[in-house]
Structures are given as C-alpha cells and as structure tokens.
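K.L.:
Chains as they are written, first to last, in the numbering used here: chain A, 1 to 450; chain B, 451 to 900; chain C, 901 to 1383; chain D, 1384 to 1866.
Honestly, the hints are just simulated from the structure, not real lab data. C-beta: ideal position from N, C-alpha, C; glycine also. Certain hints may be false.
What the hints assert, rightly or not - List of simulated lysine-lysine pairs, BS3-like, C-alpha gap at most 25 Å:
hint	chain 1	residue 1	chain 2	residue 2
1	D	Lys1569	B	Lys604
2	A	Lys324	A	Lys154
3	B	Lys631	D	Lys1675
4	C	Lys1086	A	Lys154
5	A	Lys404	B	Lys503
Stated by the list, open to error - Quick look at which bits of chain C chain D covers, simulated, 3 or more residues with Cβ under 8 Å:
hint	region
6	954–967
7	1153–1165
As the list claims (entries may be wrong) - Facing chain C, a subset of chain B residues (Cβ under 7 Å, in silico):
hint	residue
8	Ala488
9	Ala531
10	Tyr538
11	Phe858
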Amino acid sequence: MGHPYLPLTDPERRRMARVIGLQDPSELFAIIPETIRAQASFELPAHNEWAVKKLFTQWAAENTPCSQMISFLGAGAYEHAIPAALSYLVSRSEFLTAYTPYQPEFSQGLLQAFFEYQSLIAELTGMDVANASMYDGPTALAEAVLLAYNASNKREFIVISGLNPEAQQVLQTYTAHLPVKMHYLALREQEPEVNASLAPLLSGQTAAVIIQYPDFFGRLRLTKELLNLIKESGALSIIYLNDPVCLGLLEPPGALGADLVVGEAQSFGLPLSFGGPYLGFFAAKKDFLRNMPGRLVGKTTDSDGEEGFVLTLQTREQHIRREKATSNICTNQALCAITATIYLSLLGPTGLKEVALSTVKNSHYLYSQLTRIPAVQGLSPEPFFHEFVVGLPTADASFFPKMKEQGFFPGYQLPTGRPFSTNACLLYTSELRTKDEMDRFCEAIERCVP
Amino acid sequence: MGHPYLPLTDPERRRMARVIGLQDPSELFAIIPETIRAQASFELPAHNEWAVKKLFTQWAAENTPCSQMISFLGAGAYEHAIPAALSYLVSRSEFLTAYTPYQPEFSQGLLQAFFEYQSLIAELTGMDVANASMYDGPTALAEAVLLAYNASNKREFIVISGLNPEAQQVLQTYTAHLPVKMHYLALREQEPEVNASLAPLLSGQTAAVIIQYPDFFGRLRLTKELLNLIKESGALSIIYLNDPVCLGLLEPPGALGADLVVGEAQSFGLPLSFGGPYLGFFAAKKDFLRNMPGRLVGKTTDSDGEEGFVLTLQTREQHIRREKATSNICTNQALCAITATIYLSLLGPTGLKEVALSTVKNSHYLYSQLTRIPAVQGLSPEPFFHEFVVGLPTADASFFPKMKEQGFFPGYQLPTGRPFSTNACLLYTSELRTKDEMDRFCEAIERCVP
Amino acid sequence: MKMQAGPVLLNQTSVPGRRGYLPPVSELPASEEELIPPSFRRTTPLNLPELSEMDVTRHFTRLSQRSFGVDQGFYPLGSCTMKYNPKLLEDLASLPGFRDLHPLQDESSTQGALRIIYTAEKIFATITGMDAFTLQPAAGAHGELTGLLIIKAALRDQGELAREIILIPDSAHGTNPASAALAGFKVQKIPSSVAGIIEPEDLKPYLSPQVAGLMLTNPNTLGLFEEKILTVTQMIHDIGGQVYYDGANLNAIMGWARPGDMGFDLVHLNLHKTFATPHGGGGPGSGPLGVKAHLAPYLPVPRVVSTPTGLKWSYDAPRTIGKVKGFWGHFAVIIKALAYIYSLGYEGLKQAAADAVLAANYLQTLLKQDYNLPYDCHCMHEFVLSGLKDNPAGVRTMDLAKSLLDYGIHPPTVYFPLIVAEALMIEPTESVTLDLLDAFVAIMKDLAARAKTTPEQLKKAPYTTPVRRLNEAEAARHPVLRW
Amino acid sequence: MKMQAGPVLLNQTSVPGRRGYLPPVSELPASEEELIPPSFRRTTPLNLPELSEMDVTRHFTRLSQRSFGVDQGFYPLGSCTMKYNPKLLEDLASLPGFRDLHPLQDESSTQGALRIIYTAEKIFATITGMDAFTLQPAAGAHGELTGLLIIKAALRDQGELAREIILIPDSAHGTNPASAALAGFKVQKIPSSVAGIIEPEDLKPYLSPQVAGLMLTNPNTLGLFEEKILTVTQMIHDIGGQVYYDGANLNAIMGWARPGDMGFDLVHLNLHKTFATPHGGGGPGSGPLGVKAHLAPYLPVPRVVSTPTGLKWSYDAPRTIGKVKGFWGHFAVIIKALAYIYSLGYEGLKQAAADAVLAANYLQTLLKQDYNLPYDCHCMHEFVLSGLKDNPAGVRTMDLAKSLLDYGIHPPTVYFPLIVAEALMIEPTESVTLDLLDAFVAIMKDLAARAKTTPEQLKKAPYTTPVRRLNEAEAARHPVLRW
Ligand SMILES: Cc1ncc(COP(=O)(O)O)c(C=O)c1O
Ligand SMILES: Cc1ncc(COP(=O)(O)O)c(C=O)c1O
C-alpha cells in the first residue's frame, strides 16, 4: 500500500526480502504461532488526512472550550494567555521530535533548555536544585513523600487540610501498599492558624508535613513559623503548589525554610488540554540531591575544554540502578519544561508579577461583588489569593445549565463537606477576566436566583 | 517604554546617545523641520498581544469563511485541502524571516527551493524554463504581454474570449499607455471551434494571442492546431492558467507548442486568504530566457568545486539594468513559491492527478444533477473541466441569502452579457465536495424555487 | 569564528526593564499591598531573565538548531521506536475545542473529549486483545507502576500478600524492576537463554508460591520474538501469577499478534513510540494500561461510561487502586495517537509493523558481516550487535556511536540491554527509505574499515558537533545544576 | 563526513509509488476517459517527485537549516528594514475567518475583512499624511508602478501627455527607474550633491515643462534626511509636477514626520519592511499606495466604501486606472501590518523609529573610526560606509561581507547605492540589543584588523557556510535553471 507514513514501496519491500533471503517479507512473522496471528485482525479502514481532520474537528466541536466561555474554573488547572512566540518556538521539530538527550553532543540545545528550566524553578521556589520535570503536580508530590519516606526511615506523614484532592488521591495510591500512616489535619475554615493544631500531631516519627501554598481554596497559611515548628520536630516540610504563578508575588517557600517544593506548573504556558499533559516540578534543598527522582542536567566541559551540558547523576535512575533507583520515572515532561522555560523567559519578572497581581485583583473584586448578592455566601475569609470559595445557589439543579447558556462556567463545585458544607464552589479568576465580565457574571447569578 | 518588539531600554538609549555625543536620542530628529514634526502625531494606544488577538478574532468572526460553508466558488481562487506538513514547513522561520537571497552562501536552502520550484513549474507546463515567481496570475499575464511586445516589436494582440476578467483588467491597466491594439475575440458559447474565428484576425502585426486553458468558464479549447495556426502567423502564443492543478490530467501547453505559459498557482497549497497573497508563475521557451521578468535561480559551483545555487541573469533586473530592466519586479512571492514546491512534493504525480480528477468528476456530476432541475439552465456544453456555467434562479433577490442561510455559497454570479445572458453563475467543485453535499445543494435549490 | 561561541544562557543576556510579553492586566485599582498581607509578600528578589520577544525567539531557535530530532535525520535508537511524527497530529491536538477544555468542566460540555477517551480505550483494547484500558498513566514506566499496583491490590483482596516476587528477565528495561520495587515487590532476575529468549525449562526454578507475576516484552529487548510465549504465560498462570506485557516493543507486531492472545493479563502502551506521538526531547509520553477482565475492577478512577444521557465520568469502582495522576491522563497525546491509528487503519498498522521488521532484518543481514551478532536469527523490529568483529585497536561501541554523529546520524542505543557486551541496539522503524538504509550500511561499513585504519580518529569523535565528547564523570563529581 | 553532502534535489530521492499525501478523492464512479476528450488528455509523462511525508519534511527542514532569517541572527541589511517579525502576526493571518475567505464571497459574509481593509487604508493615510490609499499593490515596486500609472492617467486627463520625464536621483533604488519606464516615462537622473542630499540649486537645471514628476525617498538611500524637502517639493509643484515618495525608508520617521506634510503627492509603503511583515525569502510583500485628494479618483478599483448597510466594494470610479492586481491585494500581509500597528500604537511606532535611528547612529559613530564614511553627519535609520580606511591589501567590500558570514551575521547591503564606491549600507533597525551592536562593532573592528594582518584570509571567505564563495559569473554564462 502507498501511504504517506510508510515510505517503503512494494518493489522495495520485495528487494529487501530477497537480500534477507526471503520470498516474501511476511515470512518474518512466521515465528508467531498461527493461532495467535489469526486473532489479531480488526475492522478499521485507513483515512486520508482530510477525513481524519474532519472527524476530529467534529469531536472538537462537540466540546465547549473555556475560550468560548467566561470561565471561573481553576482548582488545579489554570487558563492563561499563552504568548504566540511560545507556541511557535516549542513546536520546532528539533525539540518536538527528539528523544531524551542520551547523546549530549547532538542535544546541547535540549540540555541547555533543561538546565535553564532547572535554574528558573530553583530561582522561583527559592530552592537549591530542581530536576528536569515530573509527570505532573500530584505525582511529583507522591514522589516527594516517597523521598521523605526513604530518606528519613520514618513512617508518619501529616497532610494539612487544603491539599488539592487530586494530589491527595494520587499520594494515597502511591503509598497504599507502604507501612506508612497518613494523618490528615482537618481545619475548619474559621481556623486560620495552623500551628496550634499541628503541634500536637508532630512527633519523632513524623517523616514529613505536607502543606499546599496557597492552599486548594486559595488561602494563604504558609509561614516561617510553621516551617520552623516542623523543622524543630525533625520532620521535613513538603510544600505543594498548584500554581507557581503566585510566586511572582509571594515569598518563595525556600526563603521560608522548606525542604522540598513540588507542584504543578501547567500555568507556565501549557494549554488546559482537558487535563494533560501538564508539568510536575520538583525542587529541593541540596541535601536531597542524590535522593531526587527524575532527570538532572549538569554543566561540564568537552574534550576541547568547551562548556557543555549532560544528563548527570544518572546512578539514581532506573536505567542504571534498576530496582534500587530513586524512582521508576524515565520519559518525563521534557517539552513541557521547555514550554515553561520559554514562558518565563517571555514574561520575565515584571510579566509574571503582572499576571499574578491581575488574578489577585480580579479574585478580590469578584469575591466582594459576589458576596453582595444575598443568595451568595462568602466562605473565604482573608487572606486568600486568586481562588476563593463561595456558596452559590447550586442546590437548584438548573443553576449550572442556566449559567452555561449565558456563557459562564461558574467554577468548580466542591464535594459536600470537604471541608465546606453544601453548595460551595471554588472560583478562580485569571488575568483574562475583565471587570465587565465579572459584573455580568454577578448579574447573571442574580437573574438566576428568583 | 518597555515593549516586547523594542529590545532597547531607556538606560541603554541614554548610554547610546552619549556615545554619539548627544544629550537625548530625540536630538537626532532635530533635522526634521518643526512644522512637519508637529503634524505627525495621532491617537492610537498600544495594545497587548491578547487585546490585539481579541480584536482580530472578533473581525475574523464577522466573516463567514468557506470552511464553514459548502462553497462552489472558484473563478480564479480555489479551495483545496492543504496538507498539515506544508503549513508546518513553510512557517519555519529560516524561510519566513529571510530576505531575498542576495548572499547565496547563507541562503542555499532558499535558493535550492526556488530552483526546485522552477523545475516543477517547467515540468508541469512542459516548458523549458520558469522564473522564481510573479505577484499573481493577472500580473504574470501582463508581464508576458509586455515581453511579447518588447521582443516582437509588433503592436497587436488578440485575446480569445474566456479570459479571467481579473487578468484582462490588469492587462488593460498595464498596457493602457502603450501604443498597442487589443482585439477581443468574442465567441458565443455555441461556438466551440476557435480556429475559424481566429484566422481572419491574425496578421503579420499580431504580436501574440492570449488564450486561457481551461478558459474562465471551464471550457477546453486549446489544441495543437490552434497553436500551429498562431505560430504560422508569426505571432506568439501566451497561455494563461487559472488553476494549474488541471495539468495533472491535461496535456501541458508546452507539449502543444506554447511560447509563454503563465498563470495563477494559488491552488498549490495557498489558502484563499480573501484574494492574496497568491502566486504568479511564468514559464517560457528558452528563446525568451533573457527577456523574462523576475528572478531566476541557477546552479553553479563554489570555490571548492561544490555545487550550489545563486540568483542569476540579474542583468535583466531592475537593480542592475534600472530603467532598461525587463520588469520592475523586485520583491516577489518567494514563500508562496516554496509553498507550491512543498505542495507538489507532497502530492506527487498521483496525488495531483487525484485532486484534478476529483474536481472533474464532481463538476460533471453536479452539472448533470443541476441541469435536471427545471429552474436551472445548463450553459456549459462539453467539454468542460472543473468549472461550468448554469443559469440559476438568481433573478429572485432572495436566492443568494436563502442559500447562504442553508450553508451554501452557490458560485460566482457572472456579469450579465459577458458572454452569457442573465442569471449565469460559474460553479467550481473542489475535491472537498462530496456527493452528499452536492445532492443537498440541488435539493436546496429546488426548495428555493417555488 | 561564530558570533556566539559556546552556550549563552538566558540570564546572561538579560537587561533590566526589557519586556518579552505584555500580559493582559486587570484594570482594577487595588494594589499588591492592599491585597496580600505583608508576611506573605515576596521580599526575596525575583531574578528572572528580562528579554525581548526577539531575544527569546533567537535564543530558543538557536537551541533548537543545536538539537536533533526525527525530522533532522535517521534515528535508529533501539527500544525507542523513533518513527516519523505526522504533522497532522499536532494540528488536531491544538484545535481550540480540545486545547482550551478545562478538565473539570461539566460533562455536557466535553462530550467530544469523552468520546475520544472512550474510543481510544476501545481501540487500544482491540489492538492488544485486552478487556479494559485506562489512559491515566503518563508514560511507559507509569503504566508499569499502575499495572503493578493493580496486581498488588488484587493480591490484597485475595489475601495473597505473601506473593511479593516479580520475575523480570535480565535483559529487561530498567523501568521494569524500578516499577516493581516502587509498587512494593521484590525483583527476581531471570537469566536469558543462549538463544536470547525465555526457555520454559529455565523459568521453572523460579516458580514459587511467592511469585506475583512476570514482566516481559515480546519481542524482547534483543528484538527476538518469544516463541514459547504461550507456554510461559501458562506456567505463570498455573502458579497463580499475572503476566505483564511491557508494550514498548508493540511496533513489531501490531496487527499481527496481540498480547492478550498470548496470555498476558496486563499491557501498557507507549503512545510516544508505537503510535507516533512525538517524544518531545524526553516527554510528554503516554502509557495507557490495559487489563483482562479479572483485573478491570482495579483500574484507576474515574472511568468514562456510556449512559443514555451521554458519556459520563464514573467513580463507582469500589476496588479501584484510586488515581495515579491528576485528572485523566495526557489527553493531547491520546488525540494524536488516535488520529495516527485512524490515518493508517488496520492494514496500515500491520504494514507499519511489517516494514519495521523488514527494515531491521535488512540492516541485520548487511551489518552482521562486519559486526558481531550474538543472536543470529531473524529478528523482529530491532536487533542488538555486540561491537566490531575485526577490532584490533579495541574501538568501543561508544566510539562508534560518537563517530556516527559526524555523519549526521543519531546513534543506536548503546550498552543496552546490559546482557550484551558492547551492545549496539538498532531499531530503524518503518520510517525509512531504502536509500537511507543503504547509506547507513555504507557508513557502518566505513566505520568498520576506519576502526582498523584510523582507530584513534574514532576514539576522539565527534568532530563536527557543536561540542566535542563531553566529560560526564566530571559533571557527576561536581554537579552544577543551575546558573 | 555528513551523510548528505551537497544539495540533494527533490527528484533525486524520488521512488515510484511512494505517497506523501492522500488527498480527499471523489467517490463518484466516472473515469478520466469518460470526462476528458482524448485530444486534451495528458500523454506527456508527469515527472513529479514521489516522496513520503517524512521525506518531504526532512528535505525542507534541511533546506530551512541552510537558510538564514531574522530569527537566526543579526541582519543589518540596508534599505531592507529587517526588523523582528512578531509571531502573533502569523497566528492572526491564519485565523480560519480570514484564511478561508474566498475573494468573491458576497459582502455580507466578509464584513470583518472589509473592515480590516477599510481600517488599514485609514491608518496608513494617517501615518503618511495622505488622503486615500489602495492596498492592491503586491510590493514596493508594484506600488511605484501603480503611482506612476496614476500620474500618467492624470496627465492624459489634463491633456499633458508631453510631460514624459520622471526625475530620479542617482542614488535611487533600481525599481524607481524601472517602474517609471514600465509606466511609459523617460527617466532623468539627478546627481546627488556633495552633502548627499538634493540641493534646490542642483535641481533647477532639470526643471522643464516635460517633467511629470520626481521620485524620492526621505531619508534617502544614503540614510540622510532631505533637509530641503519642502523647497524641493514646492519646486516640482511649481512646474506642475507630482512628487512621489518611495516609502521603503519610512521606518526612520514614522510618528515623527509624514510624507504628506512634506509635500509628497503619492506614497507607497513596504509593509514587509516598515510594518514587520516577514519577507519570506523574497516575498510576498505588500506595497499599498497612498495619494493626495487630487489623485484619489485614479486609484485602482474596487474601493471599500462605507454604506448604511455595511461596507461594500465599489467600482464606481470613472477615472480609475483600473486594476493592478487580481482581487484586492495581499490581504494576509495587510492583517499582519495592521496588527503590528495596533500592538505598538502611536508611541510605539515613534519609539521604533527613534530606536532604529539611534542604533544606526551608534554604529556609525563607532565604525567610522575604521571605515570610510563619505557623508559624515548624523544619519537616520541607516548609513553607507565606503570600504576600509586603512586597506593596504585592497580588501573589498565583498570580502568583508563574505567574512561576516563566518561570524554568523548577515552582511549589510553591498555596492548599493551605486554612487558610493565599495558601498556597505548598514541598517540595524530597532530590533537590536546593545550587546548585539557592541558585538557587531567588535567584529567589524576585528575585520579591519585582519584586513591588514591576514587579508588573503578575508578574500577567500566564507569558510563555515554550507558552500564556499559561489561562482556567479559561471551561473550566468551557462544557465542551469532546472533539473
Ligand atoms: C522496553 C521499555 N520498557 C519501558 C520503557 C519505559 O517507558 P517510558 O520511557 O515511557 O516511561 C521503555 C522506554 O524507553 C522501554 O524501552
Ligand atoms: C528604496 C527602495 N525602494 C523600492 C524598493 C522595492 O520594493 P519591493 O522590493 O517591495 O518591490 C526597495 C526594496 O528593496 C527599496 O529598498
């Protein structure tokens, strides 16, 4: 068959078979037992490019993307403006179609980009080192906990309430078979002070304490005092970030004394894409360098003494250390890390601050406007960042459909009782939201509630 | 001001001014008379990328593109499937952001692509040589006529009816100030044989005869006999193509004996883009090489004897020959020529034939289905190619709006009397049109006519 | 003589005040000081580079030019299936109707996306002969971990936690043992037979009630089809174990044979290998996991289910291992893989496998004249050479690899699998022309000749790359991991 | 040692039967034989290359890698304004609502596109101080031709066809005289003054009743502002002539001065220079033409007009010269230019001009130490050097240009304008960093030094490019223009 993805032609195939000493190429499959071969076939015709495009365009049209709506969805995935230069650069095929840079002399560009990514993440989080990426935020957190488990030989963990439920669930899956004990420190919303509740739970058996910053509900609770308290107990602190854009304005966890800082960097130029691929980041104090999972790129010199980059400290990794590796991760999120690097390069410190500040301004405005509506209940006492919780009239089953009809995704409906009572919604306000859109959203809600 | 398109910063500007010996950079503009400077200002704020995108997306949304419709518009601009690989390759910035390859050692890729383009056009048209592009089909025709005028020293031209009216109008503009006489050989649709009507018009004063192939109405009229007739009179033949895709199936004009073959190659992978940029091509017998307008790329060797490419025969061009140049063209359609080269490389002979044959199959099917409708009048006797003329019920002013509402662009409404009487529409059926779409179109027309 | 010699890092060209992008900003009047309590506000300086759009564009364009992908040339990297990545796939994944979908949108607004997940699961199941699939795993190793956690969970349900051994051939990829360990298993290595495949006899000594399962690739990492696979999987089943299929090598057999029919209970796919999604310099990949019906209840949640009112997410799976990843997997990658499958259709997939196997055998036939071929039989999609045959100067596989760089070819995988000395693992894939294969053979023969005539040249290669051979030991001894 | 040395042409790797793209095909049963009469059917073989998508991708990726654009590095090509092309512009031009618009669609379906044309015409008129614009011309030279045909048509209307001379300075770009000739005028060359600008006194001898007009750029091709421009335009008007502004150099003054206010009657713009639309390796460009009110009736048809029922095409222009191009101009290019203007705004355009002029003067100040500067005064956006100052070995401008290639820099324009010996015309544009300018100065100083120490090296440059210095004479002597 002549197909654009299959360069060989039938006469060439026959010629090659003859060189191998065969009558027909299919003889190479004779080794597969007949009974097995018989079962492998199924019905699927080949489609030309236009037909495939038509089909997938049709499927795409069956969705209503955020770009067609005014969306207040966040909760771990964030809408942002993505610079045009970024999309162009990251799609260059030298990046896109390369494998992991195992041959550094052919991959200096990739390796340098990863080195720059590591530098930027370390800089942003205020940590000593960062690796070259993890699958996503939740798996990065799970790996951080495993690091703490293996490095400390202790078996107890404390998860402070307000952790991204996705991350919490993944953490649970990764540790279910281990002899660890997870304490969940549930805090009511009226209880902004974490330290007092945490102190009694800390013990010499505590391997690490996990805190999200800002927490899943947008609350700011991470303080130097809290990290000191943890450090004094001999436990490690693991800080989780849903959205490192906040670090444009917030003191970095490293500066507060964190041991491990991990999270989700989808905000740095990655599209929403229905949940993936995103970008897990993993930063640490240098003490943990040799316990870290994933790839690390280091600087070195070549045989002429010129500077260059290589994958390094590979003895931690599966392809060398096999069952004793610090992690099983192999293919990671390389291109997403390059995306983040380009995003941060374009935004720079001023741009990143502007994005962060815009989301904060918007969220506080919207919170104040929403909580003026009698049917809306404010559930996020200050200080909160760019996400907040309000009680929306969602008891009425027609609320979400009605809002959608008017062009709004009103936010993420929280499961009842975790930790809010009923009808609680988590709202995020990206830098794309205008005052006018937020005002119209408030009006639409008022119209919705008779 | 800090703007992404302006890399210099204010402190740098001041530093540079000091090196030049100025207090302030604006002193460099002191040479412009004050009165002039005062008038230059106007109101237009800077817009960030997102705002510009929003504005233009809004403007785009005020259009109804063919991709949202079932379109039968052709008449010199053709809808085709554009391969995904083409769009990617042609947007690589090494091509996109380069200037004309005046420094060949830095531009071997561009030059090779133009050389390949010249080869492909020459091959397709059956001619000896082709240049590296013209602005579009109509200007290419005008330049061909000027070539004939200058090379022959004769002053009469014959334009055979069925020439693209855009091309005819441009030709008229380009020659209005010249002492030439244009004969327009008007043929009624019942008169398929050109030769008999042409013969009496030909004379020793005829510089060239211009024939479109297939003609503007889709008719096939170009024959070896016709070209012989012209040649015998001592005139040159200039063949115009609206859509060289047809050369996948039709005998190339070169093989029939044409002297100059020019036309519009938008069909080779260029989007409709509301009319431009498109791609004029210009092919000739080698006798006319040194009279040709535009750029030519030739093969040569470097100082080590390696093969390479350069712009050549530049003494024809304006930057060397100035007022005596064969044309004033400088910047041409380089990237469009690369687009066509990639398109033809991807399609290959089989693909090009398939596209051509699909349009022909579709047009003949649609013509036969349409002419079954009593309200529709068939105006294209065989042989026609992928365009044809029918009388549609357009006297009813609501016809086009009604069809549009149902998702159809029914074709191009011909001006009354040129050469058809009233209500004539020119229809084109691209390879994208399916039988189902054409059937639905016929049904819609029947519904439209009570 | 180049203007910028050596690496110029982003931060080295930064100039204060330069802007690369002006984001949309909120026009609201409030200030940072009003909105964020002082104790949370950043006081640490934020040292990000300050560059214009042009600076950033030139920087990353330059980095791209110092990288090498499939679009740049031949990439016969064994075990990695570096096939051509059709451009169409990128366009589809970036359609706004996919790209701008938030994962937490209401199902009524994501029916097309759910349809893609639902369809991809079904198609993967059909291609592999499995009963159910999850698309959550982010890469091959993640699929392995998911599968092993499922085995673990099933064992717990059966009160069989004493089964803590996973058998893994010594030729296996490193992720296999690493994943097994991560899932809380002990790894027992199985030595390869002289013929390069697993002999049932050799397997017997390792069979015990402690065995939870066996991980295998087929064709294995030597590129050999495990002929006795039906016996092997039966033996594991007989002692109550599960058999796991590492799908990294599926490209050899798709359309010709299905792991499910060979007796495998779990399979992961590497969409970034077999199904042509680009590897991106090391990811993102996607490692969907398929299982037979008896393990389906353990798959991660949520699952897409078809209901009378449309497709829905369902968390109703009491025995699930939970989630292994945020949200639903690498959706954009899955779009690409599905589009690739639709483009080729069944016959095309089968032909792709046939071409990959044919190309590998063609190269093997021609290269074994000059290179040691430890397992001399027809291979499947790849084969492993063991250094040069006639090698008086002791030219090493690494030298050959570095020398290939000077010919503009990406070297094969080197020193893997570990059981072959001086291993050179060659996987041409189906994305080859005969001209390219012949050119590669000529170059490899040239290297074999040069190894005898000018071995010192090879030992110092490469010469024409942006940097020469890099000192990896130095990098590990004194790690410099950031600016 | 590269696998593919030298150029490999598309047709050289073709293999019969290979496919690169499967187009959608009509499912209708009819055959070629039934549909096309035999006398029209192709009998000549169709020798197009047959390649797979991968082959095509690799081929053109490789060609791209053997090319050099603004994204690859510094490009101070005088007269060409090689500024950075923002990536946003490409995205906008390829929005389906623009890209898939057929030019003959009914106006009700193209209001957004007509709005863009209407707006662009107004904005160009505002920036240049003209009264009306046409967007039809495809490039600068085409704008010139259109303008000259308008002058011709106006002369005919006035019965003034005896006015057949166009005055053009000897420093002018070649398109100026070529366009004038094409429009049926005679060209009279005006010599430049010692100061590099037009002196009213020097112009006087050329003023006659046969003069139809004068073509000028300002700043002129030497990069000098024509200080006496108001006098000059007045002198031409006084004898009944028109003054044409070649807009190639508008980047120097936009926001600071308008040709209309200087007395020009016609202006063309090069959107592919001043307004940041990419040059594409030699096009497509766009050369909108603006005129003062007295010439507006002659502009090409159709014109976009605003009516109560929306924007419409109007052919109602009895004195129009007609059409100069198929359809309405390079619409996609116009989108990009307009988006660029909106991005910068008035202040940004003005700052761009200021930066371009500042950068040119900075370089001029530092380079004139080693290179001859024939017109030693502040320049505008570009300046022209006349070879090396201290040049015992006779190193030529061409040698300097070729040597710059080895530093990864695109050379300045050489041997233009023709009036300067050994001309080296440098236009840095505003798309520069101070680091880059300083690096360029250092390299130019290095070249000046090497011209004394190792001149033979420079005379054989370049060394590091894919090919060495090419034999242009040979190419012209024995033209090989196709495979
Ligand atoms: C045989 C084999 N198994 C597993 C893997 C791991 O897959 P991934 O890199 O996607 O995690 C690989 C990847 O190279 C492999 O070759
Ligand atoms: C001064 C000047 N005038 C006119 C032109 C012609 O413009 P175009 O190449 O767009 O036809 C140029 C182009 O280089 C130029 O520099």
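K.L.:
Hints first: check each against the structure and report whether it holds.
P.N.:
Okay, the hints, checked on the actual structure:
no. : hint                 : in the structure
1   : Lys1569/D - Lys604/B : holds (21 Å)
2   : Lys324/A - Lys154/A  : holds (19 Å)
3   : Lys631/B - Lys1675/D : violated (32 Å)
4   : Lys1086/C - Lys154/A : holds (21 Å)
5   : Lys404/A - Lys503/B  : holds (24 Å)
6   : 954–967              : holds (count 7)
7   : 1153–1165            : violated (count 0)
8   : Ala488               : violated (29 Å)
9   : Ala531               : violated (11 Å)
10  : Tyr538               : holds (5 Å)
11  : Phe858               : violated (24 Å)
When the structure is compared with the earlier hints, violations turn up for hints 3, 7, 8, 9, 11 and for no others.
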